[in-house]
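*Asks:* Here are the chains, one letter per residue:
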Amino acid sequence: MHVIVCGKVIPDTTVPLQIDPKTKRVIRSGIGHELDPAAAGAVEEALRITDAHGGEVTFITMGIADATIGIRKAYAMGVANGLHLLDDAFAGSDTLGTAKALAAAIKRSPFDLVICGTESSDSYSGIVPVQIAILLGIPALTFAKAVSVEGNSVRIQRQSETGYSVVTAELPALISVTSGINEPRFPPLKGVMAARKMPIETLSASDLGLAGAVGESAARERVLTVGAPPARTAGEVIEDGGEGGRRIAVLLAARGLI
Amino acid sequence: MPERIWVYGEVSAGAITTTTLELVTKAAEVGTAEVLLLGSAPADAIETLGQYGASKVFRSADPIFDDYLILPALEAAAALIGQQQPAVMLFASTYAGRDLAAGLSARLDCGAITDVGDFALRDGSVEATIPALGGAYQNTSTLVSEGTKLLVVRPKSFEPTAVGGHPEVEEVSAPGGADVRRVQIAERVDVPVEGPQIEKALKIVAGGRGLKSAEGFAMLHELADLLGAAVGATRAVVDAAWVPYSMQVGQTGKTVKPDVYIACGISGAIQHLAGMKGSKTIIAVNTDPEAPIFKIADLGVIGDVYLVIPQLIQEIKQRKGLIS
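Sequence lines, in order, name chains E and W.
Going by numbering that gives the first Met the number 0, the first sequence opens with residue 0, and the numbers climb by one from there.
Going by numbering that gives the first Met the number 0, the second sequence opens with residue 0, and the numbers climb by one from there.
If you're looking for bench data, these hints aren't it; they were derived computationally from the structure.
Careful, some of the hints might be misleading.
Said to hold, decoys possible - What follows is a set of in silico ranges between Cβ atoms, one per label pair, in the way DEER data are often shown:
#1 E:E55 / W:V190: 34 to 44 angstroms
#2 E:G211 / W:P288: 49 to 59 angstroms
#3 E:S216 / W:L120: 19 to 29 angstroms
#4 E:N151 / W:G176: 18 to 28 angstroms
#5 E:T161 / W:E158: 22 to 32 angstroms
#6 W:D108 / E:M0: 29 to 39 angstroms
#7 W:A213 / E:T161: 22 to 32 angstroms
#8 E:R254 / W:D303: 21 to 31 angstroms
#9 E:G226 / W:A177: 48 to 58 angstroms
#10 E:H52 / W:G175: 26 to 36 angstroms
#11 E:R254 / W:S323: 17 to 27 angstroms
Beta carbons: idealized from backbone N, C-alpha and C, even for Gly.
Next up, chain E with everything else stripped away, as it sits in the complex:
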């Protein structure tokens, strides 16, 4: 069984991000990068499936040169192949451009299952997985909080507003997994060492036959302006000198909340 994971490498989540008013993109220079926790969950789910049913996992990411750090992490966790869609021509792609690039990369080899996080931890659009499935013409099973593969079919528990639904489809298929679906494994030291030597194949937009079809010029979504929203009037911040709880009660009472 060949499972392909698409995931993102994102700016360090502990650093507050700034947007460059000129390019209207997140400023990435000088900021560390890491494998998106949502992508790590997708890698973990893929490895559990190949651990149980045999086969191998391929990890694909589209991103800047620093994204190799995330591919090495996926290798250290246990994936067999790492693919990096690396090209200035991808910069400024909207969700659909991203989905086109990933779908074109997925199609290069036979596969049984594609797994994505439901949304990245830095932009949350949450629509790329279904876009990929439609472009590939395969069924999409979304918002999975549990996944099982039986023979030639996949079954998930899909998160719903009131609980969950049991959803099934035949392979090949795409599933998107919610962030809490598993606890991604901590890569063993041996894996981390081995990952340093693993080859990373890079692909450009023209390698994928997508020259002119991706990137900022092809994006359907255009950012018009970036700016600061109206600031909320700053409140009061106090050190708790033993009166903190009472101060909260006073405010609640003053506003008629108790």
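Take the given structure of chain E and dock chain W to it, following the hints.
*Replies:* The following block gives chain W in isolation, referenced to the frame of chain E:
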């Protein structure tokens, strides 16, 4: 001619969702509101949509929309959009809303804007406002593709307002064949939620990783019971399985706008702030003076939640005469 603004109508727990009515209200303000309503719906669904301003409802009650995921709705919506060419179609940022918008954006090769907080139409083009990076910035975006513009809108972006009206109903045909039956919904399981639901609560007490363990939520429940509040949580503690997903507030959880939000041991990650910063009064308790939550709090207390919250509980009990 006012522009036609379509809304993807959703039903949950046997009723048209509040978010659908928010979108219909907005659509009727901007242009002519029309709703696509597929699958099972309550008997008064059409009437309800009319009350909130829908002029027309495209309707199919075919069970295929309940039994199979995404593909039947995608085929039906793509065909109708092709015939009818509405200016804009609005989707709520829900599971079904995001899936259908995503599918249509790829099928129609038109893209979509997600996480929209507001929008306006100018000379046939759409300008959407997107709170970026959890509200630290606000961007505006447009779609340059021809045809219908797809917008995925955050819940609670608009106030639902009943204006009265009786919509015209146009029956639409359901797609058939094996191709749209590839993803089957085999079973629906309702998981009961204990206590008040956070999306409807006027007061919320919420906990984050600063509570250090799942047991800390017992204290928050005690405070919530005294206030008549619901208990919410951050993504981090939901992911750690301290509390169920239904309690998650944030960009990937519930969006809430209560009268008061008491954040306990919550640092204020962008993802969390996005779901609660519209609260009327925000109170935060955290040990870290640099925690971003203090930047939006009406009152921030730098201190240990295990000292501050028990004192607050005592103080409320005294004020209520429960203890002397």
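*Asks:* Could you run down the list of hints and mark each one as holding or not?
*Replies:* A quick look at each hint next to the structure:
The supplied range of 34 to 44 angstroms is met by E:E55 and W:V190, whose beta-carbon atoms lie about 35 angstroms from each other. Judged by the Cβ atoms, the range 49 to 59 angstroms given for E:G211 and W:P288 holds: they are separated by roughly 51 angstroms. Taken as a hint, the range 19 to 29 angstroms holds for the pair E:S216 and W:L120, whose Cβ atoms sit roughly 25 angstroms apart. At about 21 angstroms, the beta-carbon gap between E:N151 and W:G176 stays in the expected band of 18 to 28 angstroms.
Checking the proposed 22 to 32 angstroms range against E:T161 and W:E158 shows it holds: the Cβ atoms sit about 24 angstroms from each other. In this structure the hint that W:D108 and E:M0 lie 29 to 39 angstroms apart at CB holds, the actual value being about 31 angstroms. With their beta carbons about 24 angstroms apart, W:A213 and E:T161 fall inside the hinted range of 22 to 32 angstroms. The hinted range of 21 to 31 angstroms is satisfied by E:R254 and W:D303, whose Cβ atoms lie roughly 24 angstroms apart.
At about 50 angstroms, the beta-carbon gap between E:G226 and W:A177 stays in the expected band of 48 to 58 angstroms. About 34 angstroms separates the C-beta atoms of E:H52 and W:G175, a value consistent with the hinted range of 26 to 36 angstroms. Here the CB-CB span from E:R254 to W:S323 is close to 25 angstroms, well matched to the stated 17 to 27 angstroms.
The structure shown violates none of the earlier numbered hints.
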